[in-house]
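Residue numbers (my numbering), protein chains in the order written: chain A, 1 to 162; chain B, 1001 to 1350; chain C, 2001 to 2384.
Honestly, the hints are just simulated from the structure, not real lab data. Ideal Cβ positions, reconstructed from N, Cα and C, are used throughout, including at glycine. Keep in mind that the hints are not guaranteed to be accurate.
To be verified - 20 Å max Cα-Cα, derived EDC-like pairs, lysine to aspartate or glutamate: (1) Lys67(A) <-> Asp2335(C); (2) Lys2314(C) <-> Glu24(A); (3) Lys2061(C) <-> Glu49(A); (4) Lys1143(B) <-> Glu2192(C); (5) Lys9(A) <-> Asp71(A); (6) Lys84(A) <-> Asp2251(C); (7) Lys1143(B) <-> Asp2251(C); (8) Lys90(A) <-> Asp47(A); (9) Lys2061(C) <-> Glu141(A); (10) Lys2096(C) <-> Glu28(A); (11) Lys2286(C) <-> Asp2220(C); (12) Lys65(A) <-> Asp2335(C); (13) Lys2314(C) <-> Asp71(A); (14) Lys2061(C) <-> Asp148(A); (15) Lys84(A) <-> Asp2256(C); (16) Lys65(A) <-> Glu126(A); (17) Lys2311(C) <-> Glu28(A); (18) Lys2286(C) <-> Glu2192(C); (19) Lys67(A) <-> Glu2064(C); (20) Lys4(A) <-> Asp25(A); (21) Lys2314(C) <-> Asp5(A).
As the list claims (entries may be wrong) - Quick list of the computed label-pair ranges, beta carbon to beta carbon: (22) Asp2047(C) <-> Lys150(A): 30 to 40 Å; (23) Lys2180(C) <-> Glu154(A): 32 to 42 Å; (24) Arg2252(C) <-> Trp1329(B): 55 to 65 Å; (25) Gln2026(C) <-> Gly1030(B): 33 to 43 Å.
To be verified - Sample of chain B residues at the chain C side, in silico, Cβ under 8 Å: (26) Glu1066; (27) Val1242; (28) Trp1311; (29) Trp1314; (30) Arg1318; (31) Arg1320.
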Amino acid sequence: MQAKDIYEKLQKEFGEAIISFTQEDNVEDFVTVEPAKLRDICLFLRDEEDLDFDYLACLSGVDYKSKQSDDLGVVYHLYSVALKHRFVLKVVLNRENPKVPTVENVWKAANWHEREAYDMYGVIFEDHPNLIRILTPYDWEGYPLRKDYKEPDEYNGIKVPY
Amino acid sequence: MEQNFVYELLGQEWYGIAIVSILPLLFVLGYALIAILLELKVASWVQDRLGPMRTGWWGVLQPIAEVLKLLQKEDITPDAVNKPLFNLAPFIMFVAAYAAYAVLPFSSVFVPAGIDLGLFFIFAVGALAIIGIVMGGWASNNKYSILGAMRAASQMVSYEIPAAIVLLAIASLAGSLNMQEIIAQQGGGIHNWFIFGGEGSILGKALITPVMIVMFILYFVAALAETNRTPFDIPEGESEIVAGYHTEYSGMKFAMFFFAEYSNMFIVSALTAILFFGGWQSPFGDFLNQTWMHPVWMVSKAMFFVFVQIWLRWTLPRFRVDQLMDIGWKTMVPIAFIGFFAIALWAMVR
Amino acid sequence: MAERKTIEYDFGRVDTERMRLNVGPQHPSTHGVLRLEVELEGELVTDVIPHIGYLHRCMEKASEAMTYPQVIPFIDRMDYISSMNNEWPYVMGMEKMLDIEVSERIELIRIIMAELNRIGNHQIAIATFGLDAGAFTPFLFLFRDREMILDVFEAASGGRLLYNYMWIGGLQRDVPPTFKEDCLRIVKTVRETNDEVERLLLGNRIFIDRTANVGILPADVAINFAASGPVLRGSGVPFDLRRSEPYSLYDRFDFDIPVGRGEVGTVGDSFDRNIVRFREMEESCKIIEQAVAMLPDASEDVRALVPKRIKPPKGEIYCKAENPKGELGFYIISDGTANPTRVKARGTSFVNLALLPEISKGYLIADLILILGSIDIVLGEVDR
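One chain only, chain A, in its complex shape (with noise of 0.2 Å):
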């Protein structure tokens, strides 16, 4: 099924709640949605029959920051194993009060990713069973990957930059 098909099917279930679609050269055709009805639009992606995106390929925390926003983000590329097609999802979050309902209960892989992107994007993936760092040390400050981090001077009596 086309990103098109799909971005309709979904306007039809939730109509408000999809943002918008959005098709440019060079970005692979993706949907935007509201953040607070994500963990029902990834259900229905994933147990209606014809759409069967049983496979979470990749969640990443993105920072949108720029001249025009100041905005984080989360994209989801989903995947169906049986129906092999393919689907970009993404919700933007404010980056004062980045909550995102979490989907690990939808895709048991969102786990992880979630707790990277909160690692290093301080998105907070609301319900998610153990919202800890992963990557940087449990007592880590600050959000490496946004780009308005600034490296601190000392981790622990560690002098941090070389």
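Please build the complex by placing chains B and C on the supplied structure of chain A, with the hints as guidance.
For chains B and C alone, coordinates are given in the frame of chain A:
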């Protein structure tokens, strides 16, 4: 039967006793060096490589280098260990391994202490090693060590039972626990070895030989388990519990554990040779069966089984702890009992 | 076929205290600096908590300060066992962004390199898996043969571990003149050794008893965890990106996708994951043979299409390829400058390792090590 040529020569005075007690030690030290070299070389040949080549001709001095290395290493006693027990454990291991040599007959005229309960004694001191292992594992105050020690204890206790039944079967066949007596009964050539049922009629031998071979395999497997060699090296399974009970040991204390393992390898191999392959008896009857040839036969038979142990180690993967118990209790013990009855029957009718 | 054995222990009457054991980061069989916090009841594993990040080298952060070609060496260092395969999805994604079509010969060389690398990776995976089971000898047999593959890589790229060989729009340099013969020689040796390894290790009764019915991963759980590669195929799902979304020239090749069939135990146990790797080596051999036959002799300028300055248009791409360990994806966002805005690596080992707590509860600690070995992780890719 004369038991000891040293006493014959010198009399049972203190210097005679001293020489008798030191001779096996010299042997063990020499053997350990050879066994280490054998292990290195056999491993490398199995694995299609050369092994140590730079210390002496074909690396023959490598074991000496290894011993020197171990001697020079820092002897670490971690802070959190129970120090008296931690220091005592390697020595218990060593004493247990060495004490068994007291009753090992190297020749018709040399056994350090020719007691009538030889087999029983070997078994008793063999069990002493468990105390050393558990002591070392517990005193190390390390979770890996205690896991290894528990594994070792359960494994060695379990495998002593089939081994003991095999020993019992041989004792009933020979009618003696004295090892010189057991060996003496296997004289007269290869056909009289206990692996072929000892003396008896041809037909009877043909019937009992398969049983004896099974018993031999049982004993050898149990012996592997008791010396903690692959495929039964579960107590020190390096991929799971780092090094098991000797995780915290270093330097000379580690060398003691190492030494005890090699020395145990020789004891179980020598015992296999004594129980099934005629000990110091020549395979050709009276040919080459002079007194001075006895140690040569004894040591070469034992070394062959040491070689087999090394060979197995570099060929087989390791068992899991519950599979080990399964094999010990559910397979080996019943088979050993059946074999025991068959041999007892044979001992009566032959 | 062995019947399924479940390990049941009754601790009901014994008052036991659970023990927390720290496996790693310094441990002989965690395949790197992985730390597992294991809760034990006796030897029975009741809980596993992986702690990762000991090898975190900020690859994604550092990439943002690099130009696009400079990222490639970083990618080499992710899964340092299969660097050739790592480079490929990134390079492929960038070529798609820049609209470069490389010649067929370059594609064939890339395929051969990737498949050789796949053999090398599986050799290490099987070797270390055997080592975890206590079999030391197959380890050295397989490593001996891997040297030949590394020699070819060294002759082509100058590196034995980290190659930086695939460039955006081409290759670092052309293959040496003896390349074809070398590849065929490797294929021959690999087959011979595999025969040996099969008899020595994979057919060994002890090895089968150790691995069969251990760490069973059902297919639906595997998909839910987004497992990929031999881990997913071991569970019986014939999912291979070379087949399901053929990239490069893979649609021209004749090869099978081996899946776990539960020959000695249950589908999806450690043995299946391992045997899938073993059989994939044979499939890679087939691909290499076909590719060598197709490869034109005439040499060409492999850097002809490599752009002088790489400035992709504004946009983003998620490009993936079948790494030996599974699906390796790169999510690259470009803002039109010479530096990427975001390079997210979907590390295969990272995703597959997340399965470990799910499939290792209720087994013994010795099994835990084997299950970890059967997942085949490289910590460089887990921690990036």
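> Hint by hint, which ones does this structure get wrong, listed from lowest number up?
Replying inline: 3, 4, 5, 7, 11, 16, 21, 23, 26, 28
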